[in-house]
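Engineer: One letter stands for each residue in the lines below.
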Amino acid sequence: MAEHFVQPPHWEWYILAYFFLGGLSGGAYALATMLRLIGGPRDEATARIGFLTAFPLLVACPILLALDLGQPLRFWHMLIDTTPGHLGPAFKDWSPMSVGSWVLLLYGVFAFVSFLEVLAPAGRSLSRILSGGIGRIFNVVGAILGLFIASYTGVLLSVSNQPIWSDTWALGGLFLASSLGGAAALLSWLARHRPEAESTERRLFSADRYFALLELVLIVLFFVNLAGAGTLARALAGPWAGFWGLVVVSLLLPLAGLGRPRPRTEVAAGSGSAPAGRAASGSRTMVLAGVLIGVLLMRFVVIFSAQY
Amino acid sequence: MPEAVGFFTDTSVCIGCKACEVACKEWNQLKGNKPTFLDSFDNTGKLDEENWRHVAFIDKVPDAAATTGNGAAWLMFSDVCKHCKHASCLEVCPTGAIIRTEFDTVFIQQDVCNGCRDCISACPFGVIGFNELSGTVHKCTFCYDRLQSGLMPACAKVCPTQAIQFGPLSEMQKRADARLGTLRAQGNTQASLYGRDDKVYGGLNAFFLLMDKPEVYGLPNEQNAVLPRRNNRPSYLGILVTAALGLVAGLAAFRDRGDARRAEEAARQTDTTERN
Numbered sequence: 001m002a003e004h005f006v007q008p009p010h011w012e013w014y015i016l017a018y019f020f021l022g023g024l025s026g027g028a029y030a031l032a033t034m035l036r037l038i039g040g041p042r043d044e045a046t047a048r049i050g051f052l053t054a055f056p057l058l059v060a061c062p063i064l065l066a067l068d069l070g071q072p073l074r075f076w077h078m079l080i081d082t083t084p085g086h087l088g089p090a091f092k093d094w095s096p097m098s099v100g101s102w103v104l105l106l107y108g109v110f111a112f113v114s115f116l117e118v119l120a121p122a123g124r125s126l127s128r129i130l131s132g133g134i135g136r137i138f139n140v141v142g143a144i145l146g147l148f149i150a151s152y153t154g155v156l157l158s159v160s161n162q163p164i165w166s167d168t169w170a171l172g173g174l175f176l177a178s179s180l181g182g183a184a185a186l187l188s189w190l191a192r193h194r195p196e197a198e199s200t201e202r203r204l205f206s207a208d209r210y211f212a213l214l215e216l217v218l219i220v221l222f223f224v225n226l227a228g229a230g231t232l233a234r235a236l237a238g239p240w241a242g243f244w245g246l247v248v249v250s251l252l253l254p255l256a257g258l259g260r261p262r263p264r265t266e267v268a269a270g271s272g273s274a275p276a277g278r279a280a281s282g283s284r285t286m287v288l289a290g291v292l293i294g295v296l297l298m299r300f301v302v303i304f305s306a307q308y
Numbered sequence: 001m002p003e004a005v006g007f008f009t010d011t012s013v014c015i016g017c018k019a020c021e022v023a024c025k026e027w028n029q030l031k032g033n034k035p036t037f038l039d040s041f042d043n044t045g046k047l048d049e050e051n052w053r054h055v056a057f058i059d060k061v062p063d064a065a066a067t068t069g070n071g072a073a074w075l076m077f078s079d080v081c082k083h084c085k086h087a088s089c090l091e092v093c094p095t096g097a098i099i100r101t102e103f104d105t106v107f108i109q110q111d112v113c114n115g116c117r118d119c120i121s122a123c124p125f126g127v128i129g130f131n132e133l134s135g136t137v138h139k140c141t142f143c144y145d146r147l148q149s150g151l152m153p154a155c156a157k158v159c160p161t162q163a164i165q166f167g168p169l170s171e172m173q174k175r176a177d178a179r180l181g182t183l184r185a186q187g188n189t190q191a192s193l194y195g196r197d198d199k200v201y202g203g204l205n206a207f208f209l210l211m212d213k214p215e216v217y218g219l220p221n222e223q224n225a226v227l228p229r230r231n232n233r234p235s236y237l238g239i240l241v242t243a244a245l246g247l248v249a250g251l252a253a254f255r256d257r258g259d260a261r262r263a264e265e266a267a268r269q270t271d272t273t274e275r276n
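For the protein sequence lines, the chains are A and B, in the order given. For the first sequence, our numbering gives the first residue as 1, with consecutive numbering after it. For the second sequence, our numbering gives the first residue as 1, with consecutive numbering after it.
If you are wondering where the hints come from, they were derived from the structure by calculation, not from laboratory data. Hints are supplied without guarantee of correctness; some may be wrong.
Distance windows between CB atoms, simulated [said to hold, decoys possible]:
1) B/G187 to A/P8: 40 to 50 Å
2) B/A252 to A/L221: 18 to 28 Å
3) B/E132 to A/R192: 44 to 54 Å
4) B/V22 to A/F91: 18 to 28 Å
5) A/M286 to B/V226: 55 to 65 Å
6) B/N221 to A/H86: 49 to 59 Å
Simulated crosslink set (EDC-like; lysine to aspartate or glutamate; CA at most 16 Å straight-line) [stated by the list, open to error]:
7) A/K92 to B/E91
8) B/K174 to B/D145
9) B/K60 to B/D198
10) B/K199 to B/E171
11) B/K213 to A/E3
12) B/K157 to B/D145
In this text, all values refer to a predicted model and were calculated from it rather than measured experimentally. For each residue, glycine too, the CB sits at the ideal point set by N, CA and C.
Isolated chain A (complex conformation):
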């Protein structure tokens, strides 16, 4: 049984917002890369939406992180050690916050370049350079960094002595699965009016179902870890059990087939009634919003239940 005598670090709303936006950004970049490399020519439209989304989502992250610091203007101390006589880069591969600071910087470069590449005409010469194999390698490296940003935050919480956080190895994976699921929902919603994206939406929906299943398994493993450490009761105390219930519901939505994209050609052709089509797309938006709220809630419960 693990006994904890630590104090909470008071990582709260800024950190929650960062975990949410960073997760969606990394997930969107990774999915866009997969669509571009694995999918067909018709998936390219959604891949471009993914690259266009990943960077704006990321832009807020370093700002949120700096605002959470006690000394926001010293944000660069994460990268440069200013200890007198030891001036140089600050890097500890065993401290996820240190690794994460560097990867966030690096991923920012990749997300920005891919954003520019899609944003013609500004990126026209860029897209020429990145059109061939180099571009694919660039996307793969960016996707790996994106997956890291979407998941290392779970490791960061675990590499501590906090109750709940440090009692499990499942948080990194849990954050990753949820980021991918949330990004799939976000991209399919953003692509909903693109005629060529119809089949992509279908694929994103089936991917979302896999990710939801993966996340459910990881939630079970997370609880098994906590039960072994004796902190499960704390993780489910008071309101937290209810929040976990909502998270599970948000995962069951796509698994139950809700939010499945409808073939839209017939709506356009007028064979179905237009109001019915609008109602269907409205309810689909609600389901996708539910999935994204689940992504946010899961991080909320994990962050706050350990500290209060």
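Given chain A, work out where chain B should sit, using these hints.
Structural biologist: The following block gives chain B in isolation, referenced to the frame of chain A:
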């Protein structure tokens, strides 16, 4: 290089006068928190940015009537930063603000710290606190400024019962061994040394003689005295496996184009039949 210094805090002779708390605040110019009324003479509550020594009063009043040998009523415990050999706070600190000094103590450089609070999440003793005004974290400095001037830390200087002893670490360890021997010879079986050997975080520069199990004092026992980095490998492995499964899911969802097209057509057909 100066010798490694040590605190030997002997709880068996602590009388709970809190002179250490006061001397620490005087020297380090800590204003302290507003006093709170707790279950005992303890108005401090816990170690934090304003309290670098905290005298805990632990209620051990026996339920049964006192007989010879069970007269213990209160355990008094002057808590402080342990200055661990393998320090969790120093391990996670991303800025390099937390360092080991030439005196083998753990010190937070106020001009390097940026207030990320990762050390607070790591310290297994709940020692470090965050100060809103300075925007940085604070804890016992082992009176680094006094050490540099050849003075002993304020709390040890003022302690009237020698419950807080200060000196070279090796000498402190010898003194603690002798004290434990004396207590054992007097028939006390509960006394033990905490952090004297390397079983708790590789050894503590501020170690203790306790009169009960560590967890009674709010200290992790040997099994629970673990470093944050233990979770790196399994957590990253969890990510790797999840990422691999995510890639497989992506391949399954995005690749099988024939299947997807067939499903699309089938869905369109059923939809049309439903409408008709």
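Engineer: Now tell me if each hint is right for this structure.
Structural biologist: Results of checking the hints against the structure:
For the pair B/G187 and A/P8, the supplied restraint of 40 to 50 Å holds, since their beta-carbon distance comes to about 42 Å. At roughly 21 Å, the beta carbons of B/A252 and A/L221 sit within the given window of 18 to 28 Å. Distance hint check: the CB atoms of B/E132 and A/R192 are about 46 Å apart, consistent with the given range 44 to 54 Å. Distance hint check for B/V22 and A/F91: the Cβ-Cβ separation is about 42 Å, which falls outside the suggested range of 18 to 28 Å.
For A/M286 and B/V226, the Cβ-Cβ distance of about 45 Å falls outside the hinted range of 55 to 65 Å, so the restraint is violated. Against the hinted window of 49 to 59 Å, the Cβ-Cβ separation of B/N221 and A/H86 comes to about 35 Å, which falls outside the hint. Proximity of A/K92 to B/E91 is assessed by CA-CA distance (about 9 Å); at most 16 Å being required, the pair is judged to hold. Proposed proximity of B/K174 and B/D145 is contradicted: the alpha carbons are some 26 Å apart, above 16 Å.
Between B/K60 and B/D198 the alpha-carbon distance is near 29 Å, which puts this suggested pair outside the 16 Å criterion. For the given pair, B/K199 sits about 19 Å from B/E171 by alpha-carbon distance, which is inconsistent with the 16 Å threshold. For the proposed pair B/K213 and A/E3, the alpha carbon gap of about 13 Å is at most 16 Å, so the pair holds. Annotation: proposed proximity of B/K157 to B/D145 holds, straight-line Cα distance about 14 Å (limit 16 Å).
Checked against the numbered hints given earlier, this structure breaks hints 4, 5, 6, 8, 9, 10; the rest are met.
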